[in-house]
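Engineer: Knowing the structure of chain B, use the given hints to seat chain L on it.
If you want the building blocks of each chain, they are given just below.
There are 2 protein chains.
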Amino acid sequence: MTGRRPSLAVVGATGVIGGVMLQILSQHEDVWGEVKLIASPRAAGTKLVVRGEETEVLPLTEDVFDGVDVALFLVPDEVSARWAPIAVARGAVVVDDSAAFRLDDDVPLVVPEINSHAARLRPRGIVASPNCTTLSLIVAVGALHAEFGLRELIVSSYQAVSSAGRDGVAVLREQLALVAGTELGTRPGDVRRALGEGDGSPFAAPVALNVVPWAGTDAGDGWSSEELAIRAECRKVLGLPDLKVAATCVYVPVVATHSMSVHARFENEVAVERAHEILATAPGVVLFDNPAAGDFPTPSDVVGTDPTWVGRVRQSMDDPRAVEMFICGDNLRKGAALNVAQIAESVAGEFTRI
Amino acid sequence: MTGRRPSLAVVGATGVIGGVMLQILSQHEDVWGEVKLIASPRAAGTKLVVRGEETEVLPLTEDVFDGVDVALFLVPDEVSARWAPIAVARGAVVVDDSAAFRLDDDVPLVVPEINSHAARLRPRGIVASPNCTTLSLIVAVGALHAEFGLRELIVSSYQAVSSAGRDGVAVLREQLALVAGTELGTRPGDVRRALGEGDGSPFAAPVALNVVPWAGTDAGDGWSSEELAIRAECRKVLGLPDLKVAATCVYVPVVATHSMSVHARFENEVAVERAHEILATAPGVVLFDNPAAGDFPTPSDVVGTDPTWVGRVRQSMDDPRAVEMFICGDNLRKGAALNVAQIAESVAGEFTRI
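Residue numbers (our numbering), protein chains in the order written: chain B, -4 to 349; chain L, -4 to 349.
Bear in mind the hints are in silico, worked out from the structure with no lab data behind them. Among the hints, a few may not be true.
Copies of the same chain are indistinguishable here, so a pair counts whether it falls within one copy or spans any two.
[Claimed, not checked] List time: in silico EDC-like cross-link candidates among lysine to aspartate or glutamate, alpha-carbon distance up to 20 Å:
1. K31 with E57
2. K239 with E147
3. K239 with E262
4. K239 with D313
5. K31 with D61
6. K239 with D314
7. K31 with E48
8. K31 with E340
The following block holds chain B by itself, in its conformation from the complex:
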């Protein structure tokens, strides 16, 4: 390695995604110089282990970014919106996991397996990482797009509760404890009555023994913000401004790993054998597709792993240009921390290659 090891800041180090990021920094080849862990003043002062060293969490201030080359923002939208430009002004390249800048024309939206080149052109000094639902499917879909030419995506999600943060996981675990060992689930309203009003739940309905077809906020015309994010982000990452996308986002009682049922229509006819070849060799993808032998991805197989897993690949019976697939990806790893780390490592390469 020539050049110098860039210094890194992890903003939001004490959150769910921050915790996964610290694991990844300890697991991946270490390209970093100093690593600063940063959180809100309330969470600062605690000590966390990264790269085998106990490290004190610093409070988020303007001065903390002095001397930082790359700053990872793993925080809510409004925190990124305020603080990312400050980090840039202090000299850092920001890699942002929030939605604050994803659709900004001057901010590249990057999935390294698909458009790593885009991370080098960043007029605002910020690189954005997509939503976890987009990330759970786009690596696999992007690999097929490169060969067949993607025209339309119709996707339904089976989303894990951890994408609603610590509260989502806590609410599912509380609700499971209340319904386990009961006969609930067969009479009108019995689950809802047993679980009470769900005050403070991030979900609009019970999530144990249930599925909840609503994720994010009201985006108008009946759409949720998460559904429109998938459309806009797939278009931007793939460079297909006219791509047809229709998404339905649904929470399921799974802790971590998003699953997506995908109908993908291409410009050209898709032979399953060729799709299998592409997916079996695509970077970041695991093909796990032999249903007669019980081989298809499920969240319990995929959680904690890095790749996007693909199974149930079949040519649509009524449209030879379309394939159906079932795709799983850990929403906390590739869906969040891993993609940010990959972007950051490619930015780090700019320093080490100087």
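Structural biologist: Using the frame of chain B, we list chain L on its own:
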């Protein structure tokens, strides 16, 4: 009422769907004369309550059908295949809930809200009721088809475990008891290890804290039997032999009520306001669609009720002829026993109108 009250036989009275049928027979307007409850010799002799009367369950024999006008078959495919023709030979009209005759050209496949007329023409003396997944969506889709002209369905299911019978429910409850109160669900394979090999489970993977993208048997080319059933049955019930259908069937940890994410493309443009009007007034449909107020159907709202519930209705952003919807229906009621009862009641009308 003129004519006479026809006599009824319920074959499979001791099963999950049989139990729901006995409730329905007690709840609906009583059009029946004698009601015989029938089960395998092993389950015969027990006493069950129907229409307020304790009734002994009779063993399945040829003679038991003597004097029966209408026989409901709520049993596995192979039992229907063998015994339905025997019941017909003894003079009964059979309404069959199994897959044995659904695609037989000489057997009508009936959803009373859509094609009740078809039940009157039954060359083999048998009327079939569709699969629970088909039934969970077809009443709503059929209502829109009548106005807009259906061309394509792309559906992903969120299927309840009770469609795999008593074993499915028992396995989910056992698995929930093992995972509740634990921190399982975030490490590779932790759920699968905690739950063991799942011997005797009808699911090919853990169903607690998981989703399982496989329902039914291997139907070739990567498809499951349940997925192809939706295609063939929607075509037959709607009378659209060229309808494009692509289905993905996925079990979720819900006890009862199937949910379906539906992309429906029509010949004509679909205005959401008009779709709302149609769904709000269609027989057998409840429109529950105001997501900003938290109004969308979930299994816990719908279980134990008769109608098909529809929400999340929105025009596809990139295709004004297509709508997205989220549809829920109780797989044991409209998805099985209720539809059979409705068909049987329309057949009963032939007797009472004599």
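Engineer: If any of the earlier hints don't hold here, list their numbers in rising order.
Structural biologist: Violated hints: none at all, because every hint is consistent with the structure.
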